Amino acid sequence: MSLLSYISDNRSDLVFLGEQHVELVLISVAISAAIGIGLALLTQPVPRVRDGLMSLTGTLLTVPSFALFALMIPLFGLGSSPTIVALVVYGIFPILRNTVTGIEGVDDAIIDAARGLGMGPARRMRTVVLPLAWPVILNGIRTSTIMLVATAAIAAVVHGPGLGQLIFQGLARIGGKNALEQTLSGVIGVVVVALLLDLLFIAIAKITTLRGLNV
Amino acid sequence: MSDKHTPGDDAMIVLDGVSKHYPGQEGPAVAELSMEIKRGEFVVLVGPSGCGKTTTLRMINRLVEPTGGRILIDGEDVTHSDVDRLRHGIGYVIQQIGLLPHLTIADNIALVPKMLGVKKAERRKRAEELLEMVGLAPATYARRYPRQLSGGQQQRVGVARALAADPPVMLMDEPFGAVDPIAREKLQMEFLRLQDRLRKTIVMVTHDIDEALRLGDRIAIFGPGCRLVQFDTPLEILSNPADDFVRDFVGGGAPVRRLSLLKVSDVLASFGPADDAALGRTVPVEAGESVHRALELVLAARAEGVEVALAGGVRRIGLQTLLTAASQPTTVPA
Chain A
29 MSLLSYISDN
39 RSDLVFLGEQ
49 HVELVLISVA
59 ISAAIGIGLA
69 LLTQPVPRVR
79 DGLMSLTGTL
89 LTVPSFALFA
99 LMIPLFGLGS
109 SPTIVALVVY
119 GIFPILRNTV
129 TGIEGVDDAI
139 IDAARGLGMG
149 PARRMRTVVL
159 PLAWPVILNG
169 IRTSTIMLVA
179 TAAIAAVVHG
189 PGLGQLIFQG
199 LARIGGKNAL
209 EQTLSGVIGV
219 VVVALLLDLL
229 FIAIAKITTL
239 RGLNV
Chain B
35 MSDKHTPGDD
45 AMIVLDGVSK
55 HYPGQEGPAV
65 AELSMEIKRG
75 EFVVLVGPSG
85 CGKTTTLRMI
95 NRLVEPTGGR
105 ILIDGEDVTH
115 SDVDRLRHGI
125 GYVIQQIGLL
135 PHLTIADNIA
145 LVPKMLGVKK
155 AERRKRAEEL
165 LEMVGLAPAT
175 YARRYPRQLS
185 GGQQQRVGVA
195 RALAADPPVM
205 LMDEPFGAVD
215 PIAREKLQME
225 FLRLQDRLRK
235 TIVMVTHDID
245 EALRLGDRIA
255 IFGPGCRLVQ
265 FDTPLEILSN
275 PADDFVRDFV
285 GGGAPVRRLS
295 LLKVSDVLAS
305 FGPADDAALG
315 RTVPVEAGES
325 VHRALELVLA
335 ARAEGVEVAL
345 AGGVRRIGLQ
355 TLLTAASQPT
365 TVPA
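The listed protein sequences derive, respectively, from chains A and B.
In our numbering, each number is its position in the first sequence, counted from 1, plus 28.
In our numbering, each number is its position in the second sequence, counted from 1, plus 34.
In isolation and in its complexed conformation, chain B is listed as follows:
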């Protein structure tokens, strides 16, 4: 590893040869690891349990002190900075949520602003704003206590609390792990919408590859020996897994799962300028729609293809072309 590593300007979090050894333990908990996470990027660390992903996450806000390497946040080496000040600037969400049971929801959310010396009235306003943002009515929930809320609602509060001081970075350790499957999917989708608005730099840990593929801009797959095996976009991981471990970990059905990550515009790009001739009925879809969704619409309407309105006119492609293009593993947008 180069110790004179110069990160790009848009790098928010840089791990530079970071490692963790626990005394009296044979292997490292995290083997020398270098990663660069861009500003506003949502990175998911995924892998089997005990592969060092949580340790990696906890080294970023120094809940675990690394034994080697450097960690830069926004260009500043944080390995020796004031630890509480560092954490005030990093949102932290954990699976067990960890709300303080003796404080109201509003007070829980306002914890970090309070430590930063924000005035009471302002804290209150901020808490209500955040409750609104995570989909809980402030009038109903601000004065309640954590134990009066369901698990899913509590985790919404957990997310609101992490966002309270508007930190540029968020760390999330299996945030949706303890929530029942139906609520989980809803929370994930809402969180993605929230992220579209807020554009935080997020590092999330999960052991669920589907969650990783659904949420991450990029996914870091940790493998045996506590090593980073592949760090890439979901599409690239499904299309070109680095090795057999990744292929196994991602599991079966990769070609079908790619369909929800590929956009219709990607297919258009690889397919060339010509339209499919002699198409019967087509259904209109947006260029930004996933191929999965487009197929759904075509099948539901018993049509033969889709028509996409683009700047240069309407393009029509047939079902077969959609599928052929989507099945080509090399069809990956730059």
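Isolated chain A, as found in the complex:
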């Protein structure tokens, strides 16, 4: 009962932190997507470099988030910038991998026909490859987003914004008044944000899936 009353007493605070959390994740994902998709396109002619990048970004994902955030302090200090940098690093791999998979999954016959009709590489990428690979790429962005919602909660160790603050503050004074409620409301907030963003992606997928593909 006290959890509910804690939440209702602090709802403006919770909403504010929730919004911060969403904003943080969306900014980071946007940058990750730009880098991930960009790298996939740039390295397409050189599969070796591309494979190397995938291993590298995949490996970065195994660095514990707590440690990665801490490692950012000497480089970027405290606050939003180290948080965003660390989240971007985590977010790249799923997007890069899905973009590569999506591009490779485009039917060779379609590419061959497009080439044979005199469609140059840039135009082919724009009107054939990317639209057809888009559902897979979007799924990568979605995976990254959900992952970053959870990881962003850890950002509070570098005094980053978002719902992580509630969790860390609560844990730091566990046993004290409302400490558990504070922690739990942070956790619930993270889950709610994750759900909302997931719904957002389902909607985006519905809207952007090209008509001819689901007939």
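Nothing false has been slipped in among the hints.
Cut-off 25 Å, straight-line C-alpha distance, at most; resulting in silico cross-link-like pairs (SDA-like, lysine to any residue):
id	chain 1	residue 1	chain 2	residue 2
1	B	Lys148	A	Pro159
2	A	Lys234	B	Arg177
3	B	Lys159	B	Pro172
4	B	Lys148	A	Gly148
5	B	Lys148	A	Trp162
6	B	Lys154	A	Pro159
7	A	Lys234	B	Gln182
8	B	Lys159	B	Asp200
9	B	Lys153	A	Thr155
10	B	Lys154	A	Thr155
11	B	Lys148	A	Thr237
12	B	Lys159	A	Leu238
13	B	Lys220	B	Arg181
Derived contacts from chain B toward chain A, CB cut-off under 7 Å, selection only:
id	residue
14	Leu97
15	Asp118
16	Arg121
17	His122
18	Tyr126
19	Ile128
20	Gln130
21	Gly132
22	Pro135
23	His136
24	Leu145
25	Val146
In short, the hints are calculated from the structure, not lab data.
Computed from a predicted model, the values in this text were never measured in an experiment.
Don't be surprised by glycine CBs; every beta carbon is placed ideally from N, CA and C.
Once you have looked at the hints, place chain B on chain A.
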């Protein structure tokens, strides 16, 4: 091979000592090859798989870059020209069709005109025209997506797309290969009728000798060692195969198959001026009809021969004469 080869004026596509070697591969994919394809001619490249026919086709629009020789299209050496511009002028149809699944049928057909900067309303009109031409009702199909069409219908769209910018040359790689046998024959016949009207210069690849004999004005048979073994009319290939490979490849029944390629007029020409005397009932046939069709009519009517209306009067020939003339391997019109 002469490098100062001067093609005739009516040559549309000239392959001059063209070859393709892939690095790290022992033999050539295509051994030095010279061919001359005339304007408006329908040439079929045929042979067992791996004999270089598809590679040859793909060198013409430079999807495969030749390692040696020159390719001339309409007198212009295209080996070094702008590759996309070259391809805009060459229709391309492949077995897997390769329609863009996220574009409507009309947009698929209008792809090349769009790249050439044709206005939207005009593209739309052109797409509808072409749909009509390949036998698909524009009102029904223009706005559909490729996956809503059957394989045969999709390939009609593939042909329409290749024709969209009215290119003088068409390349077709087993265009009817993925279509079921009944639809295939129908498509082939329709395509021949279309070609009669359009008179494109067509190079088509197939592994099906019957398809080649049915469609080609001339047939290029590729054999072992990626070499061109014989390049001739269907009738000549059936009548005078260059070697045992061609004879084997063409398969049995050549004399009977010739019947559908020989015309009644060919028989008349070789048979001389005299009519067969004392014929019973005859059936009228056109001089341009195939001997095969004439025989069919004679047998169906239980007649003894055919009568052909010519400028100089009616000629009558008996069944036996038809068969004898048709069976002579030398009876080949010039």
